[in-house]
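J.: Fit chains B, C and D to the supplied structure of chain A, relying on the hints for placement.
Protein chains in written order, with the working numbering: chain A, 1278 to 1773; chain B, 24 to 727; chain C, 470 to 646; chain D, 51 to 152.
It is possible that some hints are incorrect.
Now the in silico label distances, taken between C-beta atoms and shown as ranges [unchecked claim]:
#1 A:W1302 - B:Q656: 55 to 61 angstroms
#2 D:R151 - B:V663: 33 to 39 angstroms
#3 B:D684 - A:A1286: 38 to 44 angstroms
Please keep in mind that the hints were generated in silico from the structure rather than gathered at the bench. Built from N, CA and C at the ideal position, the CB exists for glycine as well.
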Amino acid sequence: MGYLSWIIAAPFIAALTIMALPRRWAWSIRLVAAAASGITLVLSLFVFFGYDWRAGGFQFVESYEWIPALGIRLRLGVDGISAPMVLLTGIVIFTGSLISFKIRDRTKEYYALLLVLVSGVFGVFESLDVFFLFFAYEIAVLPMYLLIAVWGSTRKEYAAMKLTVMLVAGSVLVWIGILALYVQTGASQAGISSFDIEALTNPRVQQLFPRTFQLVFFPLLFIGFGVLAAMWPFHTWSPDGHVAAPTAVSMLHAGVLMKLGAYGCIRLAVGVLPEGAQAWAPLFLAFGAVASLYGAFSAMAQRDLKFVIGYSSVSHMGYVIIGICTLSLVGLSGAVFQMFAHGIMTALFFALVGAIYDQAHTREIGIFSGLARTLPWFVGFFAIAGLASLGLPGLAGFIAELLIFLGTFQTYPLVGVLAVVAVAVTATYILRLMARAFFGPFNPRWSGLHDVLPNEWVAAAILVVTLIAAGVYPAPFLSMIDSSSAPIIERVGGVR
Amino acid sequence: MEYAWLAPVLCAGAFFFNVIISRQTPWKHRLSALVSIAAILGAFGVFLVVFSDALANLLGTAAAHGAAAAVDDRSRHLLFDDEPWFQVGRYAFQATLVVDWLSVMMLGVVSFLSALIQVYSIGYMRGDNRFWWFFSVMSLFSAAMLGLVLAGNFLLLYVFWELVGLCSFLLIGFWYQERDNAEAAKKAFVTTRIGDVGLFIGLALLFLQTGTFQMNEIFDAIAAGRIEPWVVTTAGILVFLGAVGKSGQFPLHVWLPDAMAGPTPVSALIHSATMVAAGVYLVGRAFPLFAASDVAMGFIATIGTITAIFAATIALTQRDIKKILAYSTISQLGYMIMALGVGAYTAGLFHMFTHAFFKALLFLCAGSVIHSMEPVLHGTGKSPNDVFWMGGLRRRMPVTFWTFVIASVSLAGIFPLSGFWSKDAILAGALAEGAWVPFIVGVVTAFLTAFYMFRAIYLTFFGEERWRFAAAVPPHAGLLVVAPTAASVPAAAGAMDVQTRRPGEDVPAHLEPEVRPALEEHAVPGHHAEPHESPWVMALPLVIIAIPAAIAGWIGIPGLFDPFAEAIRFGPAHEEALSPVVASVSVLVALAGIGLATVMYWRPIIRPDAIADSVPGAYRTLYNKYYFDEAYQWLINRVVLALAALAATIDRKVINNGIVDTPAGLTGAAGERLRYLETGRVYQYAFAFIVGIVLIGLIIVLFP
Amino acid sequence: MELGAILFYVVASATVVSALGVVVTRSVVYSALLLVLSLMLTGLVYLLLLADFLALVQILIYGGTVSVLLLFALMLTRPEQKPVLTHKGWPLAALGAVVVLVLLIYQAVSTDWARTATAVSAAAGARAGAVASRIGPGELGAALFTTWAVPFEIASLVLLVALMGALVIARASEEPR
Amino acid sequence: MVPLEHVLVFSAILFSIGLYGVMARRSAVLILIAIELMLNAVAVNLVAFAAYVDPQQFSGMVFAVFVITIAAAELGLGLAIVLRVYRMRTSVNVDDLDMMRW
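Just chain A, same shape as in the assembly:
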């Protein structure tokens, strides 16, 4: 087994171990989870830094038989798009495990589900076989229902149900699309029928997808994955889900799971069906543009901290959709980088909101005031997340948004203008939030709040350092992403 299979296996084995531990040993359970996710983080760092972008293509490839009769193999590998995603997942699950130390209710089941979910996420990012990708995708989505419905807050049953139903509906579309690809390759030429992503993007196989086929099945795949990416107007599960979910689940959910959707859009929809992408991109680009502005404005009107962040995620994922749909190299690379940057910043946001909610038992912005005085670390970390969110240079979000905007200006200048305006709106609501809740006269009601705990501090510091490092020196990320976006854009015939 190589790095990649260990990355998938480590959380899974940890989940099994945790299930075997007695319920009383809560601290052992926490430590096992933290250790397993720490190992995963280290492994994903190995993969990230071991990826040779000069060579490009899929690396660390492993291959195992699975269901040979149907041509399904367990093939793992990462390219320049999935390697940053693997790293992102590693970071978020490690910090998420640290943050979750305070979960007291059914610790065992919580961690087991969390780790299984993460195995699924890694499976999606690493798998080179569409069938296994879909399989892992479902593993990643379904534990979410339990995690939200059992450990959540604020209308948790409703949110969990809505989330699950919408995501499963999306995955039904995806499944239809995947089967169509499979059948189409099999129908046209005997023996080629395949779930293999590399094979599907092979130019010889690509000829098997006639234009009408692409036109029909591209939107299925794109919308299906787009639901998980909270693409407007299929986004309403996301603010509710984020609000209802427990802290670490929100982190994983907004930080990683939404990226699965965008990743699927890139890998399968745009990557495999280029002609469909050309035809449909303007529509989805419009969706993305609407989402970015509309999400920002909606966030401005929210009163609940988590809702603000939830809508800001909709807005930021709108940029990702825009970036993908520009079908330009700069835009697509920016979108992938934005997936990484947003994953980190939103994980940071949710970690901090969780820290404050657990003490204050409220997330109402209006009733907080002057927190900066007593919670300097909390406010400092939150401010960094907020600044990354409004695209401050020096933090990762800026580079990502810059590239997305440049890609958009290359292809659809007017949309580019809208997107830039959305950033200004983002600045407004983030600063309003901070000015309201953190500044102003200190409200003695909150004198009992303590600043971030050591475990939360470590988690937040990791995320902040990542944000700064990726913002100041984005070259490794971008070279890597670039090496794998270029073939996709070449197939689509987009702007290089």
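T.: This is chains B, C and D only, laid out in the frame that chain A set:
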């Protein structure tokens, strides 16, 4: 010259050192101040080295090739222009630094003023419990500004541009516990961000045309005509919008007076060499872009002209000493922008250069005054910034008084102080370009400037010691048009007893540890704190800055000794002799302004309230700053927040309840109805099953 | 018309008549007995279709076991009063059955079986239109225990499980009502 | 031998009769009996195909064997259930067994 990058890096290093290491130590305040000041002094040292290099270079080249070739070719050095910062596809994004006379000049001004202002802050901020944080952010601010002036790539410039905005947000909101300060900080950031939208779009346009953010490549492309004219014009106007936001030009000026909420050293820094200068610097830096489009130049000149006169009129009626200076800054920035817009490139930047010194000095003096007024007016409900409650400080604060006067006279443009030379250069430039409107506006503004500056001087330093009876007047005594006098106070105060005030009430939280003992000391009934000269750490920088404030302009005496015009110019250097007519007109006009202020506020021959009463509408409009804040507030409440509420409502009511919950509800309702089909009768199921089979069979038979 | 064909029509008609009797008679016992009759007649049809062993199995299982099983069941579940055995909706059921019948017959008649036979033979690698020959029990047994060994074993397992299941279900419940 | 179609029509008739029985009868035992008829019709079909379409392989006959096996198992189980139901409700009338509706 190759070490220019050290300047911003030193300051950034100081910031990180302070945030990560200093704050953990028990002597964090001292250490962070020490580190910050050492870093900025280091940056100043870097400037000196770079400057001497550049000078040697210039002299060497001039000796070899003649003066004309010197500046363009040899004094511009690009650093880091070969290795990209990052790369996407065929586009490389460099982090190039440019070292030419413009950036060297800015390097000097920024590091010199930052250094002195930081020294001054030691005194001004003493006792604040976030002292260390203040110095850390000051370092970051200096780093961002130094990076900004060195950036040779528009993207890099934009990076530092935003960082400057962030630092101003942090510093303006430094005393965040007062709601107004937090709001002011937010306003500064958001307003400048609106301008930045334009800047970004403009830069993106240029990028699309040229495929690079490198300044020299873009300028070459413009010069070679490789960019379509309409793009040049559009991009020019859009990029200028960034400067409008940063430099507080009309109509995005509203944040700048509010930015006075920050500690006074911050105001001094923001308003002299850093934040607001960034906008003017951008116009100067990107001048080849603007110069290529007459429309853009006209736009810039128009905005500058409007701002110059508009802000000067507001400054006439303000009572807050910092606001007077703030509007003065806006007006002077308008002056510079106007100069650049009419094509007087050297004059505009020259004025920025001289203005940086005397405006920094003015703010530091104001800070000194406020610092001493704070304990005096404490607990009276009066702002220590209010000139109506000052008066007679001349003898109590002689250093502050004299430096303030020097700076004011310089700002008013009286021969031979530095303001005279730069203002005169602008007026002469406008005249030379045949721009009559800017010229006339410039002259009128000069008059207004002299008037309001001396109004401030007379109210602050001359006349009665009005702070003595400040406590007697109720906090909100209506609209005071004229400063109260000993004679008028009893009427205003009514029956209120001067002595009934209890000291120590409503102490602002940030001043608590420092002010409390001082108050206790002066809490003896009838014995108030009295204004006094500031400590030497504050006074010394005043004296030091007073020197360049007075004489910095001498390096730009036209026709006599003019290295400035030689070094910083656009196109060929043109020798312009001092125009005696323009010079005498501007000096006479300024003297007239001073005279009017004298007869109104020192020797009240003309009563200001009489004038105000005769045109009450005009007076109120000016006093309320043309109601811009109210208009924007309306815009925000009625448009932006309404849009936000609309979006949120649509999301919940239409998309969530309509598109998402409705199908869910329908499914549930359908289940509620359909379950009665489940009769429990097996034969009915069988029959339904048969019907289905028959249908399928029929389909197969009919549509083979 | 050859003898085999005449025999087939006769036996088939008898089978259909007795089957009809199964579903229309008012007596459950008659119904069961007629079922046995009709199944045994079907066994004769198998014989005519050259399936000797199957015919034997049919007669043995249905004639022997099933009839006994059914009669016991009927005895054990005798209702108090004479029940109405047919629903009021029987015409509808008849209609459905007739429609299905028409569909089935249409399909049976319209399909080109000769071509199917050719295709199957071709797929099996055999000569098309081979003459049907009588299949002995030996050949069938060989096939069952070689090619079909696994399904056969599974079938036996199913039978075993069904046997045990039937035992468990039908056993008198021990817990008090 | 008769044509294949005739055998198929014969089995179709048997099947339809069984189908009618399943739908029209009320007694659980009679429904089981009718199902036997239907299974039998299917077996006839399989045997016929074995004889006419695929004489070499006789897979149809093997299937018929399985059908008979399954039919026996089904009948045994079905009757056991009927017995059980009768003991609980003293009725084998399927109309009475509608506890699990909506």
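J.: Are the hints correct? Go through all of them and say.
T.: A quick look at each hint next to the structure:
| no. | hint | verdict |
| --- | --- | --- |
| 1 | A:W1302 - B:Q656: 55 to 61 angstroms | holds (59 angstroms) |
| 2 | D:R151 - B:V663: 33 to 39 angstroms | violated (58 angstroms) |
| 3 | B:D684 - A:A1286: 38 to 44 angstroms | holds (40 angstroms) |
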